[in-house]
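Number of protein chains: 2
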Amino acid sequence: MSSTWTLAKRAHKMNPSVIREILKVTEKPGIISFAGGLPSPKTFPVEAFAAACETVLRTDGRAALQYAASEGYRPLCEWVAASMPWDVSADQVLITTGSQQGLDLVAKVLIDEGSTVLVETPTYLGALQAFTPMEPNIVSVDSDAEGVDVDDLASKAKGARFLYVLPNFQNPTGRSMSEARRQALVERAAAIGLPLVEDNPYGDLWFDQPPPKPLTARNPEGCIYLGSFSKVLAPGLRLGYVIAPKAIMPKLLQAKQAADLHSPSFNQRMVSEVLKDGFIDRHVPTIRALYKSQCHAMLEALQKDMAGLDVVWNTPDGGMFLWVRLPEGMNAVELLPKAVDKGVAFVPGAAFYADHADPRTLRLSFVTASVEQIHIGIAALAQAIREAVKG
Amino acid sequence: MSSTWTLAKRAHKMNPSVIREILKVTEKPGIISFAGGLPSPKTFPVEAFAAACETVLRTDGRAALQYAASEGYRPLCEWVAASMPWDVSADQVLITTGSQQGLDLVAKVLIDEGSTVLVETPTYLGALQAFTPMEPNIVSVDSDAEGVDVDDLASKAKGARFLYVLPNFQNPTGRSMSEARRQALVERAAAIGLPLVEDNPYGDLWFDQPPPKPLTARNPEGCIYLGSFSKVLAPGLRLGYVIAPKAIMPKLLQAKQAADLHSPSFNQRMVSEVLKDGFIDRHVPTIRALYKSQCHAMLEALQKDMAGLDVVWNTPDGGMFLWVRLPEGMNAVELLPKAVDKGVAFVPGAAFYADHADPRTLRLSFVTASVEQIHIGIAALAQAIREAVKG
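Protein chains in written order, with numbering that gives the first Met the number 0: chain A, 0 to 390; chain B, 0 to 390.
Hints are supplied without guarantee of correctness; some may be wrong.
[To be verified] What the simulated footprint calls covered on chain A by chain B, stretch by stretch (three residues with Cβ under 8 Å from a Cβ of chain B suffice, anywhere in the stretch; the number is not a length):
| # | stretch |
| --- | --- |
| 1 | 53-66 |
| 2 | 70-79 |
| 3 | 124-135 |
| 4 | 208-221 |
| 5 | 229-238 |
| 6 | 245-256 |
| 7 | 262-271 |
[Stated by the list, open to error] 27 Å max Cα-Cα, derived DSS-like pairs, lysine-lysine:
| # | chain 1 | residue 1 | chain 2 | residue 2 |
| --- | --- | --- | --- | --- |
| 8 | A | K8 | B | K157 |
| 9 | B | K12 | A | K157 |
| 10 | B | K337 | B | K303 |
| 11 | A | K8 | B | K245 |
| 12 | A | K12 | B | K12 |
| 13 | B | K8 | A | K157 |
| 14 | B | K155 | A | K8 |
| 15 | A | K27 | A | K41 |
Treat the hints as calculated values from the structure; they're not laboratory data. Everything numeric in this text was worked out from a predicted model, so none of it was measured. Just so you know, even glycine gets a beta-carbon here, dropped at the ideal spot from N, CA and C.
In isolation and in its complexed conformation, chain A is listed as follows:
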């Protein structure tokens, strides 16, 4: 028997995640991977989750296993609202299936075919993937070590639906926006009427001091804010949240209902149980300390092993990533298989550009590998670069 499948136009624009394809290659035993954006599993509070599971199933099991409100478990919405550094009502919080789903809902509600959507240069690959099915025209805004250039933004903003921006320890670069840049961005965006979609999965992972306050705190009616429990608790529960102005929330909620009815009620209750009594304030400092020491180890190794190679990199103040630029004429996509031959993997930076990719860039995660692996892996990467330079 036959049948005729006709794909939607948007399906032809979808692509497999370059990162997930690379991860498949680099999951071979023996490869030291700086490629993934995976939090260190050492930081997962397994014991706290086990206790929370037991409590939730014993005290509230049948409700935890039943269908639930699309908005999210109310105590969790209240916790999120109370944890923000500006005045947020629990009614403005929508619990999502990871913050990736927040991007999908934002795309559905705000992007028409051909709409201009502005992003940083470079930007989070998962956002590009979430926006693409709604067929926008994605435009990169010039960016420097502090984030988007507000003059370039203003020159490209006419008719744009929003700017998507990751101000804290950005994925992929690890860079953060300064206080002055944040204020300038928010004021300029408001002046030209441009909404902001602020993504903040890494903001709590600072090393020495917390980052300046969020963009949304400065203009709550002009911003949608996305947060996540993936980096401060664990990603495998798939819980994030969206905080949106009252004008937008009903449509995000309807999109959420249509997408998956609601995020797992069991997981929401588990996380809500774990968050009781200030757990996060005791737990997150242990993640910060670990990631800071691993970042330090990677910076030391780069300093030592890349000497004389004309390789440059930044020094993040938090998060999970740092950003490397190879010598002139070198291409990170071409370097990758040579590095994998030496036993080390990374993600070529090209994947993170909406347009005009810089082929010399690459992203390194410093959180999943151990300090010992970092030393071995960076030495191997330097050797691969050295051979490629000679090549």
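Model the placement of chain B on the given structure of chain A, informed by the hints.
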């Protein structure tokens, strides 16, 4: 500060779920609700889940809490593939965040603005909600007590992307397709090249004998099959699955990555652990027995209380719902507040029609209320109808 939010065109077509709005009204204490599509929480295997949580976190906790493959947890994909009554490879199984997400992914991959999508009369409201954001032209196919009329289908199928069909104990009507109708539908659809999207959340909930084999088993290359753990285990874990031909799976997978990266790895491992050793074969018969007895109670109560009222209803062979038609001239939407005043709630049937709604219809769930509540609630509903007839 100001900002200018511009909603996508599709956002104006989205609506709040009528059912979820009704559920909010009917959640008042003292209301007996036949409105929700909620499985009976009595059937949730809380103890088995508690044991599985403990095992998963103890033996495999860090992997269960980490990011994971978009395809799903491989042993769960394998279990799903092996449980189907036709030859399915685990590579054709995609684990979704509830089967509602399967509908969202199908819509993204197969529906363009203006595409014709065919549905039964009436059909599942959640499917209408999932398809609507992709802006199809949804067309109802005439249907009788056995499901879609294949001649009417053929007359409307030109250029249609697919027919969405729920062959077993359909939501909302509770009706099932006979063996002959299934075979006729599959053969006619194949002859005209029309793909089928088969949704089967209720197929395991039969009372006396299993339903005929799925449509997909008869033409796997011409069908996408959606399944769910919500009705045989518990909905609060949000786990379902899609089985798709190899031609379609890569695009569904890319849409899945963009939508929420993957479904919760912890939940997938929990369910996989619970399913070991044939648990489902011991557990599901207890659900069938409970729902059969509650369906029987509701049919008895209808027989007794609706006598002389010119109300008609069907007799389902399984599932969670039955379908009622009020006397000529009566409107279920207008009846609802009067019924709620008497302490009983239902869902007016109009919500389930893509077009040409029959205002006299309503859906009753027999699974959430107890037998005692069923007797009280049906008597109250009959009284509301009696007064409306007089009124």
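Does K41/A lie within 27 Å of K27/A when you go C-alpha to C-alpha?
holds, 21 Å
Between K8/B and K157/A, does the CA-CA distance stay at or below 27 Å?
Holds. K8/B to K157/A sits at ~19 Å (cutoff 27 Å).
For the stretch 245-256 of chain A, do three or more residues have a beta carbon lying closer than 8 Å to a beta carbon of chain B?
holds (count 8)
8 Å C-beta criterion, at least three residues: is the stretch 124-135 of chain A covered by chain B
With 6 residues close enough to chain B, the hint holds.
Taking 27 Å as the top limit, are the C-alpha atoms of K8/A and K245/B close enough?
With Cα atoms ~19 Å apart, K8/A and K245/B stay inside 27 Å; holds.
Would you say the stretch 70-79 of chain A counts as covered by chain B, given the rule of at least 3 residues with C-beta under 8 Å?
Answer violated; 0 residues pass the 8 Å Cβ test.
Go check the stretch 208-221 of chain A versus chain B for me, would you? Three or more residues, Cβ under 8 Å, otherwise it fails.
holds (count 4)
Are the Cα positions of K8/A and K157/B separated by 27 Å at most?
At roughly 19 Å apart (the allowed maximum being 27 Å), K157/B and K8/A satisfy the hint.
Given hint K303/B paired with K337/B - CA-CA distance at most 27 Å
holds, 21 Å
Does the stretch 229-238 of chain A contain three or more residues whose Cβ lies closer than 8 Å to a Cβ of chain B?
Per the Cβ count (6), the hint holds.
Regarding the pair K12/B and K157/A, is the alpha-carbon distance no greater than 27 Å?
The hint holds at about 26 Å.
Count the residues of the stretch 53-66 of chain A whose Cβ falls closer than 8 Å to any Cβ of chain B, and tell me whether that reaches three.
Coverage by chain B holds for the stretch 53-66 of chain A (10 residues, Cβ < 8 Å).
Violation of the numbered hints given earlier is confined to hint 2; every other hint is satisfied by the structure.
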